[in-house]
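**Q** Each chain is listed here by its residues.
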Amino acid sequence: MSALLSIENLSAVSRRDGKPILRDVSLQVESGTIHGLVGESGAGKSTISKIVLGIVSGGVVVTAGRVMLDGKDLVQIPERDKRILIGSQLALIPQDPLTALNPGRHIGDQLTDSLRMWKGFNRKAAWARALELLDHVAIRDPARVMDQFPHHLSGGMRQRVLIAAAFAIEPKLLIADEPTTALDATVQKQVLQLLKRLQAEHGTSVVFVTHDLGVVAQICDDVTLLFQGKVMEQGTAATIFNAPRHAYTRALLAASPRYDNPAAGLNPIDDAVIAACYAQIQQFDGVQHG
Amino acid sequence: MVDVTITAASHQNWKPIVAAAFSDPKVAVGGGFILLLIILALGADLIAPHDPLAQDLMLGSLPPVGMAGTEPGYWLGTDDLGRDVLSRFIHGTRIALTVAFVAATIAATVGTVVGLLAGYFGGWIDVVVSRLIEIWMAFPAVLLSILIVAILGSGMHSVIIAIAIIDWTRFARVVRAETMAQRQADYVTASTVLGFSRLGILAGEILPNVLWVVLGLFTLELGLAVVIEAILSFVGLSVSSDTPTWGGMIAQGRGIIYQAWWVFALPLAGLLATVLAFNQLGAGLRRSLDPVMQR
Amino acid sequence: MIGLITKRAGMAAVTLFGVAVVVFGLLRVAPGDPIAMMIGPGATADDILRLRASYGLDQPLINQFWIWLGSLLQGDFGTSISRRIDVGQLLLERLPATIELALMALLVSMVLGGFIAIIGTLWRRHWASGAIDGVNGVLLAIPEFVWALALVLALGVAFPVLPLSGRINPSLTTDFRTGFSLLESLLIFRFDLAADLARHMTMPVLALALPLAGIIARVLREALSEAMMQDYVTLARVKGMSELRLILFEAMRNAIGPTLALTGVQFTFLIGGTVIVEKIFSYPGLGNMAIDAVVNRDFPLIQGLVLMFGVIFILINLLVDFAVVAFNPRLRHG
Ligand SMILES: Nc1ncnc2c1ncn2[C@@H]1O[C@H](COP(=O)(O)OP(=O)(O)OP(=O)(O)O)[C@@H](O)[C@H]1O
Ligand SMILES: [Mg+2]
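Chains as they are written, first to last, in my numbering: chain A, 6 to 295; chain B, 9 to 303; chain C, 8 to 341.
Worth double-checking, as some hints may not be accurate.
Derived EDC-like pairs (lysine to aspartate or glutamate); straight-line CA-CA distance at most 20 angstroms [to be verified]:
#1 A:K87 / C:E250
#2 A:K24 / A:E35
#3 A:K124 / A:E183
#4 A:K201 / A:E238
#5 A:K55 / C:E229
#6 A:K87 / A:E175
#7 C:K14 / B:D134
#8 B:K34 / C:D140
#9 C:K14 / B:E142
#10 A:K201 / A:E183
#11 A:K235 / A:D22
#12 A:K124 / A:D189
#13 A:K55 / A:E183
#14 A:K55 / C:D140
Quick caveat, the hints were computed from the structure, so don't treat them as lab data. Every value quoted in this text rests on a predicted model; they were computed, and no experiment measured them.
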């Protein structure tokens with residue numbers, strides 16, 4: 006297996022104050038696998054996703070590194086080529102299903118966009134395909150939903166619609182940025198299962214962004230653990246969970262609700278561990294500038 | 009229970025605000041031009057090179073300097089009656105500015121009071137005021153102003169009254185909405201709890217905050233009033249025809265535009281610049297006051 | 008939704024009634040005896056008394072008002088003093104010219120304003136967007152009266168490319184069946200006439216359209232920029248849509264509602280602006296006639312004109328209310 010997405014030594018800073026946001030991040034996503042991108046809030050998970058998808062805001066400046074997709078550098082290629090490449094081969098499942106659908110467009114139109122743009126479907130064929138897709142994400146009465154507006158649907162329904170839209174073009178790489186955080190617990194579980202099922206069926210590669218190690222254990226093959234934009238630990242899910250090397254990983258595992266034993270108590274992360282992490286980052290920044 | 013400093017906080021320190029406003033380039037440029045106009049208006053008798061009414065048919069339709077056939081001293085040419093265009097323009101600023109400031113002040117005062125009452129007391133007062141505003145909006149402003157002046161008889165007083173009658177709603181609408189928003193704000197609730205009278209709150213708490221908004225509107229209104237006065241004198245309904253006004257000059261110039269376009273062009277340029285200046289001033293004031301208002 | 012519409016329609020009726028009251032009041036305070044004006048010199052005191060009674064003018068003010076309102080509702084606007092023609096007929100004669108002018112100006116302002124807003128949004132990270140904002144600021148700061156005069160000087164005198172007054176070249180004598188000359192000439196394939204009408208209309212249309220274009224551009228631009236920051240646009244960007252397509256098909260849908268609502272209200276101001284603009288360009292519409300009516304103290308005509316404008320304004324506002332509901336899927340499906 007070769008890496009579909011290969012991020013190499015990616016660094017980014019904030020335009021406003023030059024503060025580092027990503028620090029020399031490298032990671033590989035193998036074909037047909039789910040790669041968990043884990044870290045606490047502000048670790049830079051979304052920033053990485055956005056750089057890959059070409060939607061990073063003007064406030065973030067990429068200072069170094071490459072983002073190779075199938076051998077092409079997404080940071081370097083011309084804007085137009087990049088748009089076409091991303092549109093036809095990548096897809097995003099966003100965090101908040103309530104804001105990610107256009108309130109002014111019919112669900113059907115939003116579902117068929119990619120099919121018509123990149124798969125050569127005409128209106129009718131795209132519509133038929135979208136009905137299948139909705140059916141596949143277990144939406145009842147898809148024909149009716151196609152004619153509705155987003156505000157008619159519940160959060161869970163909307164996330165299903167968004168998942169259907171993401172899989173519509175059979176993307177090579179799917180980025181799911183905390184796709185379940187905005188949903189309530191029971192719906193979360195269903196959506197996660199759905200995602201896993203579709204991924205397995207289509208053999209899609211996924212970057213799965215989360216701060217929930219329990220979710221990682223359930224669905225991820227590989228894991229990258231970030232802290233303040235720096236990779237702390239990287240490896241297969243099995244190694245990370247069974248033989249964590251970094252003190253931060255161990256502390257994080259101890260701090261999360263045990264997916265295998267929810268009854269066990271939580272251990273807050275030791276301040277000393279955090280301090281050690283910051284020391285590591287400072288040392289890194291020192292090397293960069295000194 | 010209630011923190012009295014909340015009340016104090018609503019009277020923001022105005023010195024830095026004013027300082028910020030004056031350093032704004034838009035305020036500087038717009039305000040600078042208006043200041044120039046005010047100086048021209050006040051000192052018209054001293055500044056104008058000629059008597060604006062003095063006719064000399066021998067010197068009729070002289071072009072401005074730089075063109076063929078000029079006469080020394082008549083910088084911007086003369087009209088068909090041989091009156092100095094520059095002098096008439098300078099004297100015209102008087103009517104323009106007087107009307108603008110008086111009419112805008114009346115409109116602002118009436119509109120603010122009505123808007124405050126409607127916004128603060130709500131109920132039937134608000135219903136009546138809202139309806140009134142809506143009815144007012146159903147009249148074309150220019151037509152209404154012309155009609156009012158026609159009814160009252162032409163002259164500067166009528167023009168001022170007409171503008172005030174038409175434009176008080178501009179202030180009332182905005183002040184009403186602003187007052188409603190302010191009424192919800194914490195400090196008013198705090199004052200109510202402390203037992204201030206309702207009118208006291210209106211005058212002491214809400215008015216000072218609303219005043220910033222009124223100031224911005226007032227600046228725009230000045231520009232609009234100058235234009236309405238020009239329209240009325242263009243139609244021949246403003247002051248008597250021998251008093252020089254920009255609108256009157258424009259109307260006169262329109263008739264002789266192929267022989268002496270400058271009679272038309274100068275007051276038009278003045279009007280254009282004045283409107284833009286008031287606009288810039290208003291925009292600048294709003295911009296520099298806005299962060300203070302946290303909006 | 009039905010409830011909302013009836014409520015708005017009811018409020019419009021109240022406003023219309025208020026307009027009638029104000030017009031009635033204005034004309035009562037106007038100096039001069041309307042009967043004396045109507046009847047002209049040479050009438051005996053007896054004639055005047057009789058006419059007074061026939062108009063109900065000998066009755067108390069409140070009765071006078073009801074009589075007056077009743078005749079208005081029957082479509083009786085009286086007779087123009089200066090033109091000696093039925094006011095209703097005069098209004099209907101002039102109305103089409105003003106409608107053509109106003110609608111054309113609305114069209115131009117929407118196209119121009121929309122274009123400026125779209126270009127500004129497209130280039131929002133580019134220095135040129137600052138220049139566009141500057142131009143737009145000038146567009147909207149200058150009122151139609153000043154634009155009209157500036158156009159007279161620029162396109163009528165300095166570069167005399169357009170006719171300065173009128174609606175059509177008098178040498179092109181044609182009997183139009185309707186007052187909608189431009190539309191009619193297009194329908195009967197007389198493009199020579201249409202071209203001449205268009206040339207006459209260009210300056211008044213521009214004078215009316217430029218300020219509104221500026222307002223539309225500013226509001227639409229703000230709404231578009233706001234919409235462009237929404238998650239659904241980001242998602243559509245990931246789908247590979249071009250920037251222009253994002254603006255036109257994703258952001259525009261949600262930005263256009265508020266903009267249209269504002270455009271509707273501003274359109275009433277534009278119609279108000281036809282009064283002076285028609286005067287400046289001697290364009291034979293309602294506005295031009297209105298100024299003449301005031302100058303001639305032709306009160307029956309003034310009354311008819313003011314009421315006409317009032318009805319038009321109120322109808323437009325009502326239409327805007329309905330359009331807002333129709334354009335917003337949330338409101339439409341309640
Ligand atoms: N537009 C921006 N301009 C400047 N800094 C930014 C911008 N967007 C994000 N950042 C900074 O980048 C850092 C990483 O943000 P990011 O959103 O990638 O974190 P995250 O890991 O996704 O966190 P969360 O779990 O809260 O979503 C944060 O410190 C944030 O302040
Ligand atoms: Mg994030």
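**Q** So, for every hint listed, does it hold in this structure?
**A** Hint by hint, here is what the structure shows:
1. A:K87 / C:E250: Cα-Cα ~13 angstroms, so holds.
2. A:K24 / A:E35: violated, 31 angstroms
3. A:K124 / A:E183: Judged against 20 angstroms, a Cα distance of about 27 angstroms means the pair is violated.
4. A:K201 / A:E238: Violated. K201 of chain A to E238 of chain A sits at ~24 angstroms, over the 20 angstroms cutoff.
5. A:K55 / C:E229: Violated, at roughly 25 angstroms.
6. A:K87 / A:E175: holds, 18 angstroms
7. C:K14 / B:D134: holds, 18 angstroms
8. B:K34 / C:D140: holds, 14 angstroms
9. C:K14 / B:E142: holds, 15 angstroms
10. A:K201 / A:E183: Judged against 20 angstroms, a Cα distance of about 14 angstroms means the pair holds.
11. A:K235 / A:D22: Satisfied, since the Cα-Cα distance of roughly 18 angstroms is no more than 20 angstroms.
12. A:K124 / A:D189: Not OK: K124 of chain A and D189 of chain A at ~34 angstroms, beyond 20 angstroms, violated.
13. A:K55 / A:E183: holds, 13 angstroms
14. A:K55 / C:D140: This hinted pair is violated, its Cα atoms lying about 30 angstroms apart.
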